[in-house]
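Peer 1: Okay, here's what each chain looks like letter by letter:
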Amino acid sequence: MAERGIRLRALKAAFPHTIPIFAGFWFLALTYGVMMNRAGFSFLYPAVMSVLIFGGSLEFVAVTLLTAPYAPLQTLIMALIIQARHLMYGISMLDVYRGTGWKKAYLIFGMCDETFSINYTALVPKGVDRGWFMFFVTLLNHAYWVTGAVTGGLLGSLISFDTRGLEFVMPAMFAVIFMEQWIKEKRHATALIGLGCAAGCLALFGKEAFMIPAMVLVLALLGAFRGLLEEKGGEA
Amino acid sequence: MTPGQRAITIGLCILATVTTRFLPFLVFKGKESPGFVKYLGKALPAAVFGMLVVYSLKDTSVTIRPYGLPEALALGATVGLHLWKRQMLLSIAGGTALYMLLVQGVF
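Taken in order, these protein sequences are the chains called L and G. If you're matching positions, the first sequence starts at 41 in my numbering and goes up one per residue. If you're matching positions, the second sequence starts at 519 in my numbering and goes up one per residue.
Only chain L is shown next, with the shape it has when bound in the complex:
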């Protein structure tokens, strides 16, 4: 009974943090499911892929990959390039996910952009178990994505939605998370490095190829200016 109470409290604390993601994921996953349906795939495809990949950008690209000629090596390289940013999330979460027991494997498995952002920044209320809180953030986001993708895959072309623009919940959420981090920091050097490197590389390399050079540049700058940044900058 005590264990149940702990879980329920964690679920109640986690849910409000996932509301914007519910809106954003449902819209995006529904679109993804509809795309798969229109490309001629059974709803089982988006169902399996949304459960096991759980990464929006790659799943959209996979629609194209699955309808193009078979090219396994190209697929793997493309997928690694798209997903490489998760390496940075992992490094950031090494200590945060420590001591979460058996839940840790699932926390890492379900660590998409949005789940990482919330689990890193959210202040877990007093009396709420941190491990269960992060578990439910991950699980709820995962569930939104899967149910959206399956619904889109089942209904396919029956859906005509005038929800154009709803996808802006994602940039809006990241902007707010960025601001929350900004407010917490004493100095903003690392935040500006991230923003500047990504914007600069986007302008230089274009939207398909900018994340890897941006990551390399961010790591190089953080490495080069460690002496300056370590004491004051960056830390929450």
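FYI, nobody ran anything at the bench for these hints, they're computed from the structure. Hints may contain errors.
Here are the computed distance ranges between Cβ atoms for each label pair [to be verified]:
{"id": "1", "chain 1": "L", "residue 1": "Ile199", "chain 2": "G", "residue 2": "Leu619", "range": "15 to 23 Å"}
{"id": "2", "chain 1": "G", "residue 1": "Gly548", "chain 2": "L", "residue 2": "Leu163", "range": "26 to 34 Å"}
{"id": "3", "chain 1": "L", "residue 1": "Gly263", "chain 2": "G", "residue 2": "Ala525", "range": "35 to 43 Å"}
{"id": "4", "chain 1": "G", "residue 1": "Trp602", "chain 2": "L", "residue 2": "Arg170", "range": "28 to 36 Å"}
{"id": "5", "chain 1": "G", "residue 1": "Leu601", "chain 2": "L", "residue 2": "Phe55", "range": "20 to 28 Å"}
{"id": "6", "chain 1": "G", "residue 1": "Phe625", "chain 2": "L", "residue 2": "Gly139", "range": "45 to 53 Å"}
{"id": "7", "chain 1": "G", "residue 1": "Ala525", "chain 2": "L", "residue 2": "Ala145", "range": "22 to 30 Å"}
{"id": "8", "chain 1": "L", "residue 1": "Ala108", "chain 2": "G", "residue 2": "Trp602", "range": "22 to 30 Å"}
{"id": "9", "chain 1": "G", "residue 1": "Pro521", "chain 2": "L", "residue 2": "Gly263", "range": "26 to 34 Å"}
{"id": "10", "chain 1": "G", "residue 1": "Ser579", "chain 2": "L", "residue 2": "Gln114", "range": "33 to 41 Å"}
No residue lacks a Cβ here, since even glycine has one placed at the ideal position from N, Cα and C.
Since the structure of chain L is already known, use the hints to place chain G on it.
Peer 2: Frame of chain L; chain G shown alone:
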């Protein structure tokens, strides 16, 4: 593509995702992480959130009409609302509502 080739293609996407998510945890398992990794763990998130803002807006075109104007205005509204009320859901909902209004009715 044959069903087998489809399965491999999907499998490779899963493999790439799981690898990039688990790799840091496997490399720095158990024991104390090296100093530089610890430092990165603290310094990276702020940089990553900056990168994610850009990443989530990467499909915005500033060279063709409406030149990224709806995104700029809605982002401004989100930031403004957040500075004013500092209510996460309100800032996100307000910015998104304005964006929907702009792309459906104005631009």
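Peer 1: In this structure, is the beta-carbon distance linking L/Gly263 and G/Ala525 contained in 35 to 43 Å?
Peer 2: holds (40 Å)
Peer 1: Could you check the hint for me, namely that L/Ala108 and G/Trp602 are 22 to 30 Å apart, CB to CB?
Peer 2: Distance hint for L/Ala108, G/Trp602 is violated at roughly 48 Å.
Peer 1: Starting from the hint 33 to 41 Å, judge whether the C-beta atoms of G/Ser579 and L/Gln114 obey it.
Peer 2: Violated, at about 26 Å.
Peer 1: Can the suggested window of 45 to 53 Å be confirmed for the beta-carbon pair G/Phe625 and L/Gly139?
Peer 2: Holds - the Cβ-Cβ distance for G/Phe625 and L/Gly139, about 49 Å, lies within 45 to 53 Å.
Peer 1: Taking the Cβ atom of G/Gly548 and the Cβ atom of L/Leu163, is their distance within the range 26 to 34 Å?
Peer 2: At 28 Å between Cβs, range holds.
Peer 1: Confirm or reject the claim that G/Pro521 and L/Gly263 have a C-beta distance inside 26 to 34 Å.
Peer 2: violated (46 Å)
Peer 1: Are L/Ile199 and G/Leu619 spaced within 15 to 23 Å by their CB atoms?
Peer 2: Roughly 22 Å apart at Cβ, these two residues keep to the hinted range, so it holds.
Peer 1: CB of G/Ala525 to CB of L/Ala145, is that within 22 to 30 Å?
Peer 2: Given about 24 Å between the Cβ atoms, the range holds.
Peer 1: Should the hint that G/Trp602 and L/Arg170 are 28 to 36 Å apart at their CB atoms be regarded as holding?
Peer 2: With a Cβ separation near 31 Å, G/Trp602 and L/Arg170 satisfy 28 to 36 Å, so the hint holds.
Peer 1: Is the gap between the beta carbons of G/Leu601 and L/Phe55 within 20 to 28 Å?
Peer 2: holds (26 Å)
Hints 8, 9, 10 from the earlier list are contradicted by this structure; the remaining hints agree with it.
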